[in-house]
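So for the sequence shown, UniProt numbering puts the first residue at 1; every next one is plus one.
In case anyone wonders, no lab produced these hints; they're calculated from the structure. Incorrect hints may have been included.
Unchecked claim - Ranges between beta-carbon positions, derived for each pair:
#1 T131 to R165: 35 to 43 angstroms
#2 V199 to D157: 19 to 27 angstroms
#3 A173 to D48: 18 to 26 angstroms
#4 D157 to R24: 21 to 29 angstroms
#5 P132 to V199: 19 to 27 angstroms
#6 F60 to E189: 15 to 23 angstroms
#7 S95 to A44: 33 to 41 angstroms
Remember, predicted model here, so these are calculated numbers, not experimental data. For each residue, glycine too, the CB sits at the ideal point set by N, CA and C.
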Amino acid sequence: MGLRVVGAGFPRTGTTSLKAALERLLGAPCYHMRELFGRLDDAAVWRDAYAGVMPDWHRFLGGYAAGVDWPVSWFWRELSAAYPDALVLLSRRESPEHWYRSMDKTVLEGARRIWSGDVAGGRPPLLAYGTPEQVRAVGEMMRAMFGAAFDEPFDRDNVIAAYERHLDEVRAAVPAHRLLEWQPADGWEPLCAALGLPVPDEPFPHENTTADMRDRINQLDDR
């Protein structure tokens with residue numbers, strides 16, 4: 001099995017809902033940041049990829065039919081080349097400001113707490129069972145992503161500029177016949193049309209809302 005969909009969208013662009021939708025459509029797993037916390041050894045692979053040491057993508061992502069969210073979407077260039085027949089899915093929000101508000105209240109807030117050391121026991125509960133090397137690799141991977149994407153991860157103007165620059169880069173690089181721009185309000189129809197699949201007779205998934213993610217971030221303080 002190879003990837004049929006390479007996600008190129010940043011976090012907080014409906015990627016968790018897309019994961020559920022793509023798994024429903026393709027009948028196979030979709031790699032997402034959440035996968036990493038069940039496969040902690042993957043963090044070292046992603047960390048090394050950020051340093052320029054690429055894995056054998058077909059071996060590493062064997063068994064997955066799609067990938068969305070970071071860290072997959074950071075490597076949209078490499079993965080779209082490795083899977084030349086895959087759809088490149090650029091998920092986005094209705095406006096950069098709307099995306100930033102969601103990002104700031106969730107992903108950036110979690111990063112602030114973790115990097116400031118404001119976490120009970122010194123590590124997030126998601127990593128409670130990881131080995132020291134696994135936890136270190138996850139931390140290094142996350143710092144690489146945020147640093148490379150935003151330079152200063154918590155500066156509003158830098159974050160929005162990075163988001164807009166990323167959208168422009170994907171649009172400029174991916175041929176129109178391979179690219180689907182999608183936002184959560186679009187639902188099933190454009191996704192199914194691009195994949196040549198029927199539209200399911202069920203609501204499009206709506207997962208990992210801002211409120212849901214803030215609840216998980218607040219659990220960082222649980223003792």
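- Violated constraints from the hint list, given by number and in increasing order: The structure breaks hints 2, 4, 5 and 6; every other hint is satisfied.
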